[in-house]
Amino acid sequence: MAGALTMDASSEILSAEQITELINLVKKIYGFDFSDYTKASLKRRISRIMLIKKMRFYDLKHLLVNDHHFFQDFLEEITVNVTEMFRDPSFYKALNSQVLPYLSTYQQIKIWSAGCSTGEEAYSLAILMGKAGLKNKSFIYGTDINTVVLKEARKGTYSLRNIKSYAENYNLSDIGGALTDHFSTVNDTASIHNSLKANTLFSVHNLISDTVFNEFQLISCRNVFIYFETQLQEKILNLFYNSLCPHGFLCLGSKETIRSDVFKMKFKPVNQKENIYQKIES
Amino acid sequence: MKAEENIIERWHNTDILLVGGSAGSFKNIFHLIKILRPDINKTVIIIIHRKRNFLSDIETLFAENCSLAVREISDKDKINKNAVYIAPANYHTLIEKGDYFSLDVSEPVWYSKPSIDITFESAAEQYGDRCTAILFSGANPDGAGGMLKLKLAGSLTIVQNPEEAEMSEMPAAAININGTDYVLKAEEIFELLTK
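Going down the list, the protein sequences come from chains E and C.
All residue numbers for the first sequence refer to this note's numbering, where the first residue is 1 and numbers rise by one.
All residue numbers for the second sequence refer to this note's numbering, where the first residue is 1001 and numbers rise by one.
Errors might be hidden in some of the hints.
To be verified - The calculated lysine-lysine pairs, modelled on DSS-like cross-linking and capped at a C-alpha distance of 30 Å, are:
id, chain 1, residue 1, chain 2, residue 2
1, E, K266, C, K1078
2, E, K54, C, K1097
3, C, K1078, E, K235
4, E, K131, E, K93
5, E, K93, C, K1051
6, C, K1078, E, K273
7, E, K268, C, K1078
To be verified - Pair ranges (Cβ atoms, derived):
id, chain 1, residue 1, chain 2, residue 2, range
8, E, K53, C, L1061, 43 to 49 Å
9, C, I1008, E, V148, 50 to 56 Å
10, E, V204, C, K1034, 51 to 57 Å
11, C, H1031, E, K268, 38 to 44 Å
12, E, M265, C, I1008, 47 to 53 Å
13, E, G31, C, E1005, 56 to 62 Å
14, E, Q107, C, D1015, 56 to 62 Å
15, E, K235, C, D1015, 30 to 36 Å
16, E, V148, C, N1082, 42 to 48 Å
17, C, N1041, E, N206, 42 to 48 Å
Keep in mind the hints are simulated off the structure, nothing from the lab.
Please read these numbers as outputs of a predicted model, since none were measured by experiment.
All residues carry an ideal CB built from backbone N, CA and C; glycine is no exception.
With these hints in hand, go ahead and build the complete structure from the sequences.
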């Protein structure tokens, strides 16, 4: 049942101190720093893990200390990996009409899908570039902190049920043709065409602790900032700024904006509604 | 009469108004928006189940008919008084310590995103007894768990009478788990809010 995981009144309520304790423990043992994640959401994820695994706070702590395999499970559950192909069709329309004409003038178009999860966004971008005739000079890098989702991303296979739901987005994006044009289907699994997988690379990168690894013409980081406090967002905006070529583009989620006054001066909005920005050279 | 005075006093003593609804709730929520007084001195947070990609002009329509500022929530928006906040489609809305919203794209709850439960539970944790929560018509039980949490935290919880609601399941679910202080007709709810 979709609703079975709502916390009922009897589930253990975590205190702010317990959350801090857990954050410190994970940081100390595994080097992952969740201290600047938004608290209400993080707390909900932790409560959810406890509910799914039927454990109390004490058990969770015990497992994190003693079972390093469990940490992978924990990481997978604590980070939100829900994603869609062509999420927010109006965003893809804006990209197509306002950004691609500019990008097409580059010799090589390097795109970074930051926080790529299972790859839906990276492949949406690959399809978009293909439709615009730019696929051959595009390179798409997908990164995430979670190795399990990256494995899925590399496979590029999705259930037909999901594809059906993504097809609605695709049709609203006005790209032309059908989403299924880009997949071959066996039984109830759809695999993205090899031509679209070419020039894509998925690898581990931690936005919080890792540094610049390439220079990009476009960075798409959508629905990642919602999990970060504004001071952490600012740190990552700095990473993005330094990873973009002159006049490179930054795309945030449709409900995410640049809050930092410093970076409001360093990025100009290309499309305010879709939160597409362009780097200003200082 | 005593009970009636009590509910009015409790309404006056809260500074957050939470409103949830799904199928069959739009008309009543729209009416609620229209009658909100400009001197309400409360924050109004509205969660209506909406389909992703369903381009609606709820915000525009509400803004044109409301004496308070109406805004669709963006991530990290500050929560102010005398403002109406509407949860965006395809996100869950959470309330953070320090009076701001955060959004979340995780799994739907009761097939719904936004989930009324998630926002109501979050409000119960942050605001305890400071809320008045109202649940209107709907065809699924989302919101009931959140109402119970709010009630247990000391907030005032009211559901629309399921007998008059277009879809009774949502208010009935809240009543069934004993998550409600009052079961009122829509007209009675509007009357209370203008007091």
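For each hint, the structure was consulted:
1. E:K266 / C:K1078: 23 Å, holds
2. E:K54 / C:K1097: Between K54 (chain E) and K1097 (chain C) the Cα gap is close to 27 Å, so the pair holds against 30 Å.
3. C:K1078 / E:K235: 21 Å, holds
4. E:K131 / E:K93: 12 Å, holds
5. E:K93 / C:K1051: 19 Å, holds
6. C:K1078 / E:K273: 19 Å, holds
7. E:K268 / C:K1078: 23 Å, holds
8. E:K53 / C:L1061: 43 to 49 Å: 44 Å, holds
9. C:I1008 / E:V148: 50 to 56 Å: Between I1008 (chain C) and V148 (chain E), where Cβ atoms are some 54 Å apart, the hint holds.
10. E:V204 / C:K1034: 51 to 57 Å: Taking Cβ atoms as reference, V204 (chain E) and K1034 (chain C) lie about 52 Å apart, which means the hint holds.
11. C:H1031 / E:K268: 38 to 44 Å: Given a distance of about 42 Å, which is inside 38 to 44 Å, the answer is holds.
12. E:M265 / C:I1008: 47 to 53 Å: Since M265 (chain E) and I1008 (chain C) have Cβ atoms about 50 Å apart, the given range 47 to 53 Å holds.
13. E:G31 / C:E1005: 56 to 62 Å: Between G31 (chain E) and E1005 (chain C), where Cβ atoms are some 59 Å apart, the hint holds.
14. E:Q107 / C:D1015: 56 to 62 Å: 58 Å, holds
15. E:K235 / C:D1015: 30 to 36 Å: Between K235 (chain E) and D1015 (chain C), where Cβ atoms are some 34 Å apart, the hint holds.
16. E:V148 / C:N1082: 42 to 48 Å: This hint holds: roughly 46 Å between Cβ atoms.
17. C:N1041 / E:N206: 42 to 48 Å: With a Cβ separation near 45 Å, N1041 (chain C) and N206 (chain E) satisfy 42 to 48 Å, so the hint holds.
Violated hints for the displayed structure: none, as all numbered hints are satisfied.
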